[in-house]
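A.B. asks: Those protein sequences? They're chains W and Z, same order as listed.
Under the UniProt record's numbering, the first residue of the first sequence is numbered 1, with each subsequent residue one higher.
Under the UniProt record's numbering, the first residue of the second sequence is numbered 1, with each subsequent residue one higher.
It is worth saying that the hints were derived from the structure and are not from the lab.
Yeah, the Cβ is synthetic: ideal placement off N, Cα and C, and Gly gets one too.
Do not rely on the hints blindly, as some may be mistaken.
Unchecked claim - DSS-like mimics (lysine-lysine), calculated; alpha carbons at most 27 Å apart, straight line:
1. K47(Z) / K47(W)
2. K126(Z) / K3(Z)
3. K118(W) / K100(Z)
4. K142(Z) / K47(Z)
5. K47(Z) / K21(W)
6. K21(Z) / K100(Z)
7. K3(Z) / K142(W)
8. K47(Z) / K3(W)
9. K142(W) / K126(Z)
10. K3(Z) / K126(W)
11. K47(Z) / K100(W)
12. K142(W) / K3(W)
13. K47(W) / K100(Z)
14. K142(W) / K118(Z)
Claimed, not checked - Covered stretches of chain Z, as calculated for chain W (at least 3 residues, CB under 8 Å):
15. 8-21
16. 50-62
17. 96-105
What the hints assert, rightly or not - Beyond 12 Å from chain Z on every Cβ pair, some chain W residues (computed):
18. K3
19. E36
20. E37
21. K47
22. E84
23. T96
24. A97
25. L119
26. G124
27. S132
28. D136
So the chains spell out like this:
Protein chains: 2
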Amino acid sequence: MKKAIQDYYPENFSHCYGCGKNNPDGHHLKSYLDSEEVVARFTPAAKYTGGVPNHVYGGMVASLLDCHGAASAAGFTYRAQNREPGDDGAPIRFVTASLKVDYLRPTPIGVELLLTGKLRSLEGRKVWVDLSLAADGVTCAKGEMLAILVRE
Amino acid sequence: MKKAIQDYYPENFSHCYGCGKNNPDGHHLKSYLDSEEVVARFTPAAKYTGGVPNHVYGGMVASLLDCHGAASAAGFTYRAQNREPGDDGAPIRFVTASLKVDYLRPTPIGVELLLTGKLRSLEGRKVWVDLSLAADGVTCAKGEMLAILVRE
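Chain W extracted, bound-state conformation (with noise of 0.2 Å):
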């Protein structure tokens, strides 16, 4: 099974509880590098709920479009730069200085979500990243973030 791209994360920044493979309580969002965006599948539990029962609450929303986005950064970078992840280079992983999220429709819970981050660009240590959260084919939240290489 083809690896995520947070599964290469450096060891000692894979605690992320939204996304991180060494945090054994979180969400272990896996986001992979497509031909041109990087995509991600995540059902969140029934009790992740927000005011009104049967929609995801916004902090899930936000959360996934925060992980996520952090590894679109990530895998926009490995392949500008002609590389792999988990090949012989340093790891590479990004944290998020800037997250916008427009709640766009009620999000419904019970339902595979597909995140999705296109590269917006690519300026030194900074990646934009544009991001989209749907549902059954409806987007139901967008973002933007900005997020920064983290120095080794």
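Dock chain Z against chain W, hints included.
C.D. replies: Structure of chain Z alone, referenced to chain W:
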């Protein structure tokens, strides 16, 4: 003990994982209208680490600001209408239209976080709130939110 803004949300809007009193699994964030601002205090459990242990993951920071911002919008609206939460009028509940979070520095874990919300503007059903999250007196994240009043 003084009840929080979230404790007065309508029953059918009180299931939020982040702050709903009717969600048995959630964080139960409690926000209080002070003289000029809305404040909340919350200490994330150790498991909510970011990539690096000993710091809070970005999704939790966004989640706390999101719930606190929506409560702040409700608090400011009660005040603008010369009302009090729990009075005889219809309960006020906002949802998030847009949230931007700037991560200024890592947020330490195991420390009580102070959330503040300040009113930027209030225009019909739309309320803009400026948010901050501080640990030990140091601001770790800033936020801005556009919240929309839920129609009954």
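A.B. asks: It remains to establish, for every hint, whether it holds in the given structure.
C.D. replies: Against the structure, the hints:
1. K47(Z) / K47(W): Holds, at roughly 18 Å.
2. K126(Z) / K3(Z): 25 Å, holds
3. K118(W) / K100(Z): Answer holds: K118(W) to K100(Z) is near 19 Å, not above 27 Å.
4. K142(Z) / K47(Z): Distance of about 23 Å is within 27 Å: holds.
5. K47(Z) / K21(W): 13 Å, holds
6. K21(Z) / K100(Z): 25 Å, holds
7. K3(Z) / K142(W): 34 Å, violated
8. K47(Z) / K3(W): 24 Å, holds
9. K142(W) / K126(Z): Holds, at about 19 Å.
10. K3(Z) / K126(W): 43 Å, violated
11. K47(Z) / K100(W): Given that 27 Å is the threshold and the Cα spacing comes to 25 Å, the pair holds.
12. K142(W) / K3(W): 26 Å, holds
13. K47(W) / K100(Z): Holds, at about 25 Å.
14. K142(W) / K118(Z): 25 Å, holds
15. 8-21: holds (count 9)
16. 50-62: n = 9 at 8 Å, threshold three: holds.
17. 96-105: holds (count 8)
18. K3: 17 Å, holds
19. E36: 25 Å, holds
20. E37: 21 Å, holds
21. K47: 4 Å, violated
22. E84: 21 Å, holds
23. T96: 5 Å, violated
24. A97: 6 Å, violated
25. L119: Its Cβ never comes within 12 Å of chain Z, the nearest being 20 Å, so this holds.
26. G124: 18 Å, holds
27. S132: 14 Å, holds
28. D136: 21 Å, holds
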